[in-house]
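Note that the protein sequences, when read in sequence, are chains A, B, C and D. Quick note on numbering: my numbering labels position 305 of the first sequence as 305, and the sequence is numbered without any gaps. So my numbering is basically just the index in the second sequence, starting at one, shifted up by 1000. So my numbering is basically just the index in the third sequence, starting at one, shifted up by 2000. So my numbering is basically just the index in the fourth sequence, starting at one, shifted up by 3000.
Rather than coming from a laboratory, the hints here were simulated on the basis of the structure. As the structure is a prediction and not an experimental result, all values here were calculated from the model. Idealized CB from N, CA, C, for every residue including glycine. Hints are not guaranteed to be accurate.
To be verified - Pulled a few chain C residues facing chain B out of the computed Cβ check, cut under 8 Å:
1. T2009
2. K2040
3. S2051
4. G2121
5. A2138
Claimed, not checked - Computed Cβ-Cβ distance ranges for the label pairs, DEER-style:
6. A/W62 x C/S2298: 24 to 30 Å
7. A/N312 x D/M3293: 36 to 42 Å
8. C/N2058 x D/N3312: 46 to 52 Å
9. B/F1071 x A/F69: 43 to 49 Å
10. D/F3064 x C/T2055: 29 to 35 Å
11. D/F3071 x A/N312: 52 to 58 Å
Protein chains: 4
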Amino acid sequence: MNIFNKINTNAASSSNTGFGTNASSYGGRFINKDGTANIKKRGMPFFSRISWYHTLLNLPRWKFISLLFIFFASINFVFAGLYYLIGIEYLDGIDPSGSAWLKFSKAYFFSAQTFTTVGYGHISPSGILTSALAAGEALTGLLSFAIATGLFYGRFSRPKAFIKFSDNALIAPYKGMTAFMVRMAPYKNTNLIDANSRMTLGMSIEENGAMVNKFYTLKLEMYEINSLSLSWTLVHPIDEDSPFYGFNDADFATIEGEVILYLKAFDDLFSSSVAVSTSYTFEEIFYGGKFEMMYTESEDNTRTILHLDKINSFKKVALN
Amino acid sequence: MNIFNKINTNAASSSNTGFGTNASSYGGRFINKDGTANIKKRGMPFFSRISWYHTLLNLPRWKFISLLFIFFASINFVFAGLYYLIGIEYLDGIDPSGSAWLKFSKAYFFSAQTFTTVGYGHISPSGILTSALAAGEALTGLLSFAIATGLFYGRFSRPKAFIKFSDNALIAPYKGMTAFMVRMAPYKNTNLIDANSRMTLGMSIEENGAMVNKFYTLKLEMYEINSLSLSWTLVHPIDEDSPFYGFNDADFATIEGEVILYLKAFDDLFSSSVAVSTSYTFEEIFYGGKFEMMYTESEDNTRTILHLDKINSFKKVALN
Amino acid sequence: MNIFNKINTNAASSSNTGFGTNASSYGGRFINKDGTANIKKRGMPFFSRISWYHTLLNLPRWKFISLLFIFFASINFVFAGLYYLIGIEYLDGIDPSGSAWLKFSKAYFFSAQTFTTVGYGHISPSGILTSALAAGEALTGLLSFAIATGLFYGRFSRPKAFIKFSDNALIAPYKGMTAFMVRMAPYKNTNLIDANSRMTLGMSIEENGAMVNKFYTLKLEMYEINSLSLSWTLVHPIDEDSPFYGFNDADFATIEGEVILYLKAFDDLFSSSVAVSTSYTFEEIFYGGKFEMMYTESEDNTRTILHLDKINSFKKVALN
Amino acid sequence: MNIFNKINTNAASSSNTGFGTNASSYGGRFINKDGTANIKKRGMPFFSRISWYHTLLNLPRWKFISLLFIFFASINFVFAGLYYLIGIEYLDGIDPSGSAWLKFSKAYFFSAQTFTTVGYGHISPSGILTSALAAGEALTGLLSFAIATGLFYGRFSRPKAFIKFSDNALIAPYKGMTAFMVRMAPYKNTNLIDANSRMTLGMSIEENGAMVNKFYTLKLEMYEINSLSLSWTLVHPIDEDSPFYGFNDADFATIEGEVILYLKAFDDLFSSSVAVSTSYTFEEIFYGGKFEMMYTESEDNTRTILHLDKINSFKKVALN
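Could you build the full structure based on these sequences and the hints that come with them?
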């Protein structure tokens, strides 16, 4: 089947997507579901390629906390080893007649008490070397907590757009024709204003014998709203200028393509712009559906209820 | 009474408000007085719907401080219980012959001294288990203070627009016709520049037998100012293009509607954009009033005084 | 003298300055030299009118540090008093037979050791009340340092435009006519890009028998530059559309007016927009001057030297 | 050779670069490779010209850590000296019969234990003066760690554009003519969207007998892309409106000029705009080259691989 012939020649292609056009160098989707680019970087050492701050900010909470505890346990192991090597007799309060294991464990807890600056003092350093090491450990401990403080703050103060997207995009009836629709809703107690969206279609097609990536801007019926507090359905009318013009159920099933979606808004509380993106492959497009309303009036008629569990609920409709 | 007939057909309706158009699914006002959306979210677990950082940042100061003290008291209770369970004999310095209550209270204060890393040392841990628990508690304490540091900083460094709005909107005489007016003033020692405003009217009206929400942009005589250091009166002239054109005193009393106001400005000190919003229902509109000047020259003629207590003061005027 | 007649009627007045037009309610200049509005707020309690975070961020460094030390000294005084009241016998390690003054001083230093969580332990609390107070003090101490950490960070991470303005504005010869000129230069090792400026003239003039504030936008020959790393001279050509058109030396000496200047730029290091403003009253305008070049080539021809001490240097020139 | 005659008279010059036009006052390049301005500031005291926060944020990591350790070692030296001067007999726990060196070293470690608030307590202060000094030191220590916490956070939370630029710019064949090309690629696990670029050419040329700096905007075939996750080649087509029109290999070798490049993008994770710049002197322009593709499909066909080590790889091509 020649996919290219299916694409509406009226549709204006878009060149400033930032994706490459050489389809044969491309693998998989352009954008992952979570909005990250589906790209692996190579050719530089791992640690130069990684922003450890970004990485630590993106770690799940339990992994991050575990990492801190593991780091704490390990660094005390190192310091305890050093105290032990210098000589346990320089740690006043540790009985030198105990077993090696007991003495090490006491050095270990002395290290923990120094690193956290608790410093009970029932064990205390003596001798230049042990005292200097303890001073250095206390400094290291405080600087480590300075870093941990920064990471904690960075993790929870990081502006994020708490937006849920519908799992599927729909081809739905719309004003006597059809439209491509995606639904989103904010799911946390934040306040987003001045939201704007952008949709791009990407497809690998044959052109002059070579596979190239072609991109099309999908015009939205409304791409900007003043406040994003209810659900928002993005609507791309499939009119004569749409690249989808003339596509039927079978086309969406057989052609490979991907719709990429960007959203930017201003978060009232963070006083910062936030951005989020996602994408829908053609397999994630449902042909012939209509989103069901996801908000209702509250029982006492004083508020509107947004039902987040209905974000994916749609009913099937026949498209002519 | 058919409200719809009262609305000026010249007025251009606005569709990108982000509010839904299905009036029968809507309850109460669109935007609360404090600018938050009048929407309740459902259908997701409470903790997924809540950004605890946003929540802790919005807590009143005394609640936030109380929460910290309660957390401190509780977590020490937990740790004291653990020390007690392991055995009070592993806490050197506690007389094992005391009453259970006395021993627990000493374990409690040992816990507090460990959690805060004071570590006087008149009580100190011995034995692997108690020592390890104390090390873990010191770490937990420091991480808790790391989080508290972040929260404190987040709370007071959060950019906010310290703007007071007049309680009422006025229908006031204006250049031979009337205008819808709202007044605002900055009330703190901050410096706002490049302020811009936007006003939207929302009403539930009958259209083709169904109740729908209709929105209209209210054009402002001046929507942008260079610096917001004095009071600013937003003026929407009720001319032939205004949806209010032809409304009289009785109309504002009987029709249900709401004027939504957005303000964005750049805060000089935070070097950040700040946004604030509020709304006026028709009940909060006073028909026939005129704001009284709220600034005067200082007695020594060298400064201008802004009287914040006069933000609501207006005098009644007859409108023909 | 009728000032109004001197003002060029071709000059377009500007209404969106945010300053009031009622000149009789106005005292002194519009904007202070340091860019803050010359406005005093009244009619609300002092603490509601003050953002203490803004205030502490704007304190000179030595005042801020002194405040921290005074706070530390005072709060220890309060806690020492409480320990003393509960009874010095509950502080193990203090000789109860000493003088009242000695005992109080020891309670004071115990308090300091608790507040800072040093907790040497040669003095330690006993008894429920004193132990609980010490635990509370340690918590208070840590939270105070959490706040101090936030304030320190807030103070030095606050994006600022380090810009020096020339003390005087000049009326200088320019392309066969004259121009109003102001010079600025960045004076720190920061990198400002995308700088843009705006100039407004404000004057109190008589109109229809009443004194009103009139504002005019002063068009700049160039209001935007890509990078602000050298000095930048803002040039308002006094052409037929300028409100200054026809002004002579004597007019600037007798008429009261003020030129307000806003600058916004993007700071590369803070990754943030920064804004700064200042103003020049007519007394600060020098009629007939020409700024002297303030940059030269370095001796080894590899760099350009910006001479910050020359920002005010100009030579007098005769204007016809 | 008269360079000026070589420059295309159709090319529109650009005046808002922020660089000076007086070429004889200029030394070396306009912008350094790392994007900083090639300007040295003079005429103000060193400490007024330096933003120490900016400076500490730009220090290499090992220098910053070393600085902290050196500061810690030094300040303890100062405090130890003070304790020693007041009298070692006021430090309980230090044997006054030891050597001066031994006593000083113990005072030193007592200082370190106080500064870090470890406070083991085997040495403790007595006497008003020593106790007060120790309290002051503990406060100083905590405030120092407050500052260190801020600096650490400032260092790693600072939004940065992790962009690698190709070492050389190329004059490459392009659509039947030639184009000036530069390549860039993001090299870390960050997500940049809405990237836009700007190119300016700067040259010192003779005009009316004087050397002046002339600047030209280089029009880009595409100056804005939606997402910067792959490599991006900036293309300035050398058409009839380009200042490079008619330049040949020899011209680039003999004329002195510099192409300055600005990039701004929005970082998804920092939720902040980031900016970066660099420049290419004519010596860094390679005449007759073509960048080789730097991305390929992954072996399992599910991802695209970006080869960062290929950013500079190009093949030579003959230009007619």
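Original post:
When you take the CB atoms of D/F3064 and C/T2055, is the distance between them in 29 to 35 Å?
Top reply: 31 Å, holds
Original post:
For the pair D/F3071 and A/N312, does the Cβ-Cβ distance stay inside 52 to 58 Å?
Top reply: 57 Å, holds
Subject >> Interface hint outcome for C/T2009 [beta carbon to chain B under 8 Å] >> reply: Since the shortest Cβ distance to chain B is 22 Å, the answer is violated.
**OP:** Verify the interface restraint on C/G2121: the C-beta must sit less than 8 Å from at least one C-beta of chain B.
**Re:** 4 Å, holds
**OP:** Could you say whether the range 24 to 30 Å given as a hint is met by the Cβ separation of A/W62 and C/S2298?
**Re:** For A/W62 and C/S2298 the Cβ distance comes to about 56 Å; the hint is violated.
Original post:
Should the interface hint for C/S2051 be scored as holding, given a Cβ-Cβ cut-off of 8 Å against chain B?
Top reply: OK, holds: C/S2051 within 8 Å of chain B, min 4 Å.
Subject >> chain B contact restraint on C/K2040 - CB to CB distance below 8 Å >> reply: 5 Å, holds
**OP:** Evaluate the given range 36 to 42 Å for the C-beta pair formed by A/N312 and D/M3293.
**Re:** 40 Å, holds
Subject >> C/A2138 as an interface hint toward chain B, with CB separation required under 8 Å >> reply: Holds, about 4 Å.
Original post:
Between B/F1071 and A/F69, is the Cβ distance one that fits in 43 to 49 Å?
Top reply: Roughly 20 Å apart at Cβ, these two residues miss the hinted range, so it is violated.
Subject >> Beta-carbon spacing of C/N2058 to D/N3312 - inside the hinted bounds 46 to 52 Å or not >> reply: Roughly 48 Å apart at Cβ, these two residues keep to the hinted range, so it holds.
The structure is inconsistent with the numbered hints 1, 6, 9, although it conforms to all the rest.
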